[in-house]
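From first to last, the protein sequence lines stand for chains A, B, C, D and E.
Residue numbers in the first sequence follow my numbering, run continuously in steps of one, and reach 542 at the last position.
Residue numbers in the second sequence follow my numbering, run continuously in steps of one, and reach 339 at the last position.
Residue numbers in the third sequence follow my numbering, run continuously in steps of one, and reach 235 at the last position.
Residue numbers in the fourth sequence follow my numbering, run continuously in steps of one, and reach 251 at the last position.
Residue numbers in the fifth sequence follow my numbering, run continuously in steps of one, and reach 325 at the last position.
The set of hints was computed from the structure by calculation and includes no laboratory data.
Treat the hints loosely; a few may be bogus.
DEER-style ranges, computed between Cβ atoms [as the list claims (entries may be wrong)]:
id	chain 1	residue 1	chain 2	residue 2	range
1	D	74	B	112	28 to 36 Å
2	A	460	B	163	20 to 28 Å
3	D	25	B	322	40 to 48 Å
4	D	139	C	225	47 to 55 Å
5	E	190	D	141	54 to 62 Å
6	B	112	D	194	35 to 43 Å
For clarity, every value in this text was computed on a predicted model and none was experimentally measured.
Glycine residues also receive a C-beta, built at the ideal position from the N, C-alpha and C atoms.
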Amino acid sequence: MKKIVSVVLLVVFMMVAIVGCEKQPAADGDKANKEIKIHVGVVEPISGAQAALGQAEYDGIQMAIEMINEKGGVMGKYPITFDFADSQSDPATGASEAERLITSKGVPVIMGSYSSAIAASISEVAERNKVVLWEMSGAADDLLQKGYSWTFRNEANASAWGAESVEFIMGNDAQIQEKLGKSAKDLVVAIVHEDGPYGTAVADGNAATAKKYGLNVAVNEAYSSKSVDLSSVIMKVKAANPDVLLLTSYVNDGIMFNRQAKELGFKVPIMITHSGGHSVQAFVDGVGADANYMLTVDPVPCNPNKDGFSEEYAAIFDEFVKRWTDKFGVPPYHHVEYRQFAQTMLFFNEIVPAAIEASGEFTAQSVADAIRAADVPAENSLCGFGAKFSTPEEPWVDPWLGNKHTGQNFKARAFINQYFDGTLVTVWPENLAKEEAVLFLPASHPLSANK
Amino acid sequence: MKQNKSLLILAILTVALLAVYFLPLVIFAKHILILTLFYAFLGTGWNLMCGYAGRLSLGHAAFAAVGAYTSIFLFKEFNLTPWLGMFVGGGLAVLVMLLIAYPSFRFGLKGPYFTLASIAVAEIVHNLLIYGRDFTGGSLGLSLPYVPTSLAMFQFDGKELYYLVILAFWLLAVFLTIKMERTRYYLEAIREDEDAAAALGISVNKNLIAAACISAFLVAVGGTFYGQYFRYIDPYSIAGFSLSLNMALVVVIGGSGTIFGPTIGAFVLIPLTEILRMSLGSQYPGLHLFLYGILLVVCIIYLPKGIASLPGIIRARNDKKARQLDQGSEGVL
Amino acid sequence: MLKIENLNVSYGDTQVIWDVNIDVADGEVVTLLGPNGAGKTTLMKTICGLVAPKSGKITFMGEDLLKINPWDRPKKGVVLIPEGRKLFGKMTVEENLEIAAWKEEGKKETMEWIYETLPKLAERRKQLAGTLSGGEQQMCAIARGIMAQPKMLMLDEPSLGLAPIIVEQVFDLIQKLQERGITVFFVEQFVEQSLKIAARGYLLEGGRIVLQEDSKSMLNNDYVRQVYLGIA
Amino acid sequence: MAEKILMVDNISKRFGGLQATDKVSFDVRAGEILGIIGPNGAGKSTLFNLITGFYPIDEGTITYHGERIDGLTPDQICHKGITRTFQVAKPFPGLTIADNILVACLPKADKVSDARAKVDEILKIVSLDKKAGSLGADLTTLERKRLELGKALATNPEILLLDEVMTGLKPKEMDDMMELIKELKKTKTIVIVEHVMRVIMNISDRIIVLDHGQKIAEGLPREIAENPLVIEAYLGRGAKHA
Amino acid sequence: MEMLLQIIASGLLLGGIYALLSVGLNLIFGVIKIVNLAHGDFLMMGMYATFFLFTLKDINPYVSVLIIFPAFVLVGVLIFRFIIKPLLGKAETEVNTIIATAGLGFVLQNLALMLWKSDFRAIETNLTGKSYEFAGIMLSAGRTWAFVICIAIALILYYILMKTKVGTHIRAVSQDTDAATLMGINVNRIYTLTFAAGIALVGAAGAIITPTFYVYPTVGLYFNTMAFIIVVLGGLGSFTGALIGGLLIGLVESFAGVMASSELAQVFSLLIFLFILFVKPEGIMGKGARV
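Starting from the given sequences, assemble the full structure and let the hints guide the process.
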């Protein structure tokens with residue numbers, strides 16, 4: 092029985108030996124030492140269910156850092172280093188790993204983190220440790236409704252994406268009148284979404300905006316993205332015979348929806364999808380030519396008209412596309428890797444220099460101050476919109492659902508992109524649009540109800 | 007094991023683990039220790055029903071989820087301190103357990119059938135948590151409102167107090183297990199032979215249901231701790247299959263149906279997974295879990311009764327050697 | 004034919020068979036008697052390979068049986084009809100018989116003989132074995148053993164749980180087996196009836212052979228009379 | 010005549026097509042040893058299973074000290090004071106012998122320590138004190154039988170139902186066991202199912218004979234031994250010619 | 035009315051897929067009586083194999099079954115020999131096989147992750163997205179074929195089990211291993227064979243569903259629970275039962291999905307599962323029923 096005690100003790104002390112008795116890194120940096128080291132933590136899921144997109148995001152972040160470092164680093168003199176951790180697609184593991192990066196590696200900033208659920212758990216850790224979470228993809232609205240002061244999101248919240256698609260339809264009233272013989276506000280709408288935080292938030296935006304315009308929402312159906320069968324969802328939607336389908340899904344279920352919709356003979360005049368599953372290469376690989384003319388709502392403009400960017404950023408954009416294509420053999424998919432690239436760029440090119448200039452140091456406090464003080468013009472962000480963040484004192488109230496968001500970039504918006512020849516191109520808003528939007532699925536598309 | 011001996015071991019371990027508290031550990035090491043004790047605690051709860059009574063459940067995450075969701079919901083909506091919410095959650099978990107345990111034991115559901123039923127129940131809870139998004143936050147889960155360190159509200163800024171709390175929970179759970187000597191014997195008897203146990207005046211159903219309820223209650227309390235510690239819960243983490251499986255792994259690898267087996271298992275497996283992930287996870291995605299899987303398989307093949315059986319095996323081997331030496335040239339067999 | 008020398012068998016630390024020596028000659032009917040738990044079933048299982056001995060030797064027709072895989076022993080001619088019949092309850096009677104017939108040669112003839120000898124079975128050949136009555140099940144079990152065309156058939160308590168009239172039929176059947184040239188080695192609790200059809204008997208007590216005699220002397224043995232026949 | 014403490018009245022039990030117990034009635038009197046005999050499959054063990062609540066009875070009643078006990082669960086019946094052993098001994102294989110006995114002592118002990126105190130005493134009675142540390146799985150037949158008896162004794166019953174405690178024992182061991190049972194008789198009432206005629210004739214005060222689920226005879230040992238019906242049922246056809 | 039028929043048709047086709055997935059599991063669970071938690075992960079491996087055979091060698095998924103089946107037989111034999119067999123026949127067998135196969139699941143999932151990354155991969159064959167139309171009812175081409183193949187496999191298995199010698203031996207072993215040994219059956223060989231066949235069948239199922247599905251390292255997780263539910267529902271070792279169980283669950287999910295919510299569809303099938311487990315644990319077709 093002594094052995095039981097000894098096993099446990101042995102393990103405790105082994106652990107102490109392995110991870111324990113290092114010196115606590117000085118998390119806040121030594122203020123006397125003015126040497127500025129830019130070291131951040133990156134958390135993405137590269138194993139588990141969400142690994143596919145998590146890996147792509149991580150690649151995007153790495154490429155941005157690589158490009159900045161080639162030029163000597165931030166402001167040309169402070170090279171960026173980072174520690175990476177795998178969240179294993181699990182919120183609790185994400186939180187653990189973020190905590191490890193913060194406490195063992197002393198990072199003042201965490202970047203990441205792919206899913207809204209993981210973002211939610213990491214934001215707790217960031218808040219407790221007073222470390223900045225620069226959230227680049229967790230889009231669910233709830234994330235910033237808790238009054239946290241250390242989590243910042245540059246992108247539009249998910250309900251804004253949902254609002255955007257309805258606004259886009261309403262903006263095309265004349266065309267609808269002509270084609271369907273009824274006014275936009277008489278359209279019958281079906282909302283279908285995966286039941287994760289992101290899909291739910293997008294659908295909330297869909298529904299709230301549709302309600303605002305008095306549209307008839309015939310179906311609002313959630314399903315699990317892990318489901319192996321969507322035929323019942325499709326049958327339900329088909330029975331409602333909608334004019335518009337607003338769909339939010341991940342890649343796997345996006346592919347499956349497309350396949351099963353074809354199999355079940357579902358047809359619809361207008362179909363708008365909301366990023367996630369539809370704006371990535373794997374989707375195009377999965378559905379082939381069916382991707383063409385699909386409209387997607389994304390938080391970034393995809394292959395936009397570069398006239399909207401400053402010269403410097405237009406050059407960075409070109410450089411990124413070239414590098415990515417060279418490295419991976421395919422052009423970058425904007426919804427994932429470009430998004431991360433753009434926001435990483437924004438952070439190190441606009442926010443961090445401001446922080447260093449203001450305080451002479453790179454700490455969580457200085458970065459947070461710089462984010463709150465930032466007012467980045469749209470042309471200096473590859474995201475296509477400027478940056479100005481709400482604070483706990485002055486939260487931003489979204490006009491669709493009326494929720495208060497702190498740390499949200501309230502200049503952020505969503506974009507309408509459309510597939511042409513397998514490439515996603517910005518079609519809305521007009522200043523970044525490269526092509527004109529095709530609102531109605533052309534008759535050649537297998538899901539089209541149009542003649 | 008005699009009760010006093012077990013209590014002595016528990017005391018030594020507690021003192022040792024308290025001593026660790028004063029070591030200058032980096033925060034992450036403390037985090038691992040907290041996780042380890044958390045799993046040791048859950049495992050101890052799981053062990054009562056699944057180890058002693060031999061009813062293998064792979065759905066205990068359902069009870070952790072009921073505990074965590076209840077206490078956090080009450081905290082958020084009614085500002086009820088989780089110290090009390092914990093008991094409400096535990097009570098609800100017991101109710102859920104009764105819903106499955108009563109018919110299971112009544113209809114004599116055993117072996118893999120019971121295990122599958124437990125998985126089904128956890129899946130149902132998982133799906134309902136997502137479906138009931140108006141109350142549960144759906145798949146995004148629930149976050150705790152931020153409160154600065156407050157003993158009354160079970161919220162602390164550093165790791166230290168969480169460590170002490172989970173140490174206390176673990177201590178109580180193990181202490182309870184030791185003190186439930188009579189029930190433990192009954193459960194073992196039931197596991198070994200239900201009819202023989204009944205013939206000796208042991209109420210099979212009553213004891214099984216009692217064990218199941220205590221087990222569910224402890225795991226639900228663990229769920230509340232999880233919620234308070236991470237300040238965030240979502241169906242995937244707390245009602246998912248992996249939490250259920252981890253509870254079972256910790257106990258089976260440690261030694262199921264023994265007082266300290268779950269603790270040993272947790273102290274071996276949890277630091278191991280964390281260290282594996284820390285050292286390999288970011289460079290080679292998947293490698294750490296790949297190795298972990300291999301380790302589980304090897305461990306189960308060579309130590310089918312868990313690590314706790316190791317001293318016994320070594321002793322038996324020594325005895326055998328000694329006997330062979332005694333027999334000298336006779337030892338042809 | 005069968006020769007068991009110094010056989011010792013243990014379950015874990017507990018030895019249940021001690022230095023047992025048994026000989027069965029070709030064509031003989033031999034019975035193994037003894038109280039429940041004396042180790043008779045264990046001995047039978049050891050011969051068939053369901054239990055591995057600790058030490059000792061079992062030879063069958065000059066061949067070392069212990070070197071042969073348990074599942075190959077029926078092909079050597081050693082077949083056991085286990086205690087409790089162990090029929091495949093979810094299979095038909097015919098399937099149960101078929102399964103034991105490992106060789107094609109003589110299969111048809113054997114089956115015909117069985118159906119002739121046991122007309123009840125012939126009637127129920129398409130019925131699931133699990134739905135037969137106890138006596139029919141025992142007959143089916145014996146028939147199944149015969150289908151393997153054994154040189155030596157071993158039966159473990161064939162009369163267990165059967166009505167006296169059925170027990171009689173079982174004993175009749177055993178005698179018919181002998182007429183067919185099959186060596187029979189069987190375990191029984193009906194001492195008197197067993198000794199009437201067997202040429203010789205062994206008495207196993209506490210894992211040891213305590214008596215081995217021809218049937219007649221055994222029937223007259225005081226000890227046997229007193230302990231097993233209840234005749235003071 | 011001693012008090013009739015257990016009365017079995019007209020009980021029947023059917024399993025599918027098999028009438029395992031057919032309108033059996035008898036009573037058990039305080040302080041006696043009642044022997045139950047019959048060929049294998051006669052329904053002796055089923056009878057025990059019915060009395061101790063392992064199977065629900067189809068019809069009839071069982072009364073113990075004036076109280077109906079049919080319908081109670083096995084553990085409740087054990088608490089009333091009736092304990093049985095199993096024909097195939099059921100040790101708890103994963104527990105030590107001492108713990109086997111301890112488990113049996115526990116239900117009627119106030120404290121675990123009280124039960125523990127009783128263990129040694131019972132181990133001595135059944136001569137297993139030297140094996141206390143072995144696992145239940147590692148016992149010989151005799152030891153299993155003894156353990157079975159020890160466990161039953163540990164529950165301190167008024168009526169002890171013994172199911173074939175002699176089988177597998179050598180004559181010398183049987184004698185020891187018989188002595189033990191006679192010793193127990195001083196404090197307990199015993200119902201014993203047994204195969205070995207010598208034993209049953211020797212120790213029983215009364216005997217009932219079952220065949221095919223029916224009671225075919227009841228009486229003193231001497232009467233039973235001479236009953237031709239019994240001889241035929243029990244010894245089979247051959248006995249007639251003996 | 036058309037809607038109703040469509041719901042039934044879709045439900046049946048889904049059920050066919052479910053039944054197909056659980057055939058291999060049924061064999062293993064029914065004969066060796068162990069819970070193979072890595073079942074879904076072997077399905078995943080089968081899907082990857084199909085994917086690569088199709089994309090790299092241009093082999094039609096249905097044809098690739100001819101390659102996958104024997105390859106998986108080999109894998110099954112090795113896994114049985116080195117992982118499962120050492121665990122059999124002990125008091126802890128039931129728990130330990132669950133833990134060991136869970137570990138095996140970790141190994142397979144992460145092996146796939148390391149080898150092939152975590153991307154979703156899907157192939158497009160001439161059946162993908164196609165359907166057959168019958169009086170306004172749409173039948174997914176891929177699923178219809180999967181359904182037909184499932185029935186065919188069930189029939190072949192039925193034939194093998196009922197009419198061939200090895201099939202009889204498998205049934206004998208599943209009922210009583212000792213008696214089977216006494217009848218001259220090598221139980222170990224039958225176990226190996228059954229396990230290997232079970233693994234190969236799930237690998238083949240992977241090939242058959244690939245045209246209508248997609249693969250990624252953890253795709254097996256969802257199927258696992260479903261497959262077990264169906265096996266238990268139908269009754270162990272009963273292939274007609276598994277088929278009926280699969281169809282039942284397919285119908286339940288189809289109806290629940292349309293009438294209530296697709297999110298609740300699984301809850302409904304789980305509740306039915308629990309109900310059957312409690313009141314008729316031998317399964318719908320269990321007890322006395324023929325294989």
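Hint by hint, here is what the structure shows:
1. D:74 / B:112: 28 to 36 Å: 29 Å, holds
2. A:460 / B:163: 20 to 28 Å: At 22 Å between Cβs, range holds.
3. D:25 / B:322: 40 to 48 Å: 46 Å, holds
4. D:139 / C:225: 47 to 55 Å: Given range 47 to 55 Å: violated, Cβ gap about 34 Å.
5. E:190 / D:141: 54 to 62 Å: Holds: the Cβ-Cβ distance is about 58 Å, inside 54 to 62 Å.
6. B:112 / D:194: 35 to 43 Å: 39 Å, holds
Taken one by one, the earlier hints fail for this structure only at number 4.
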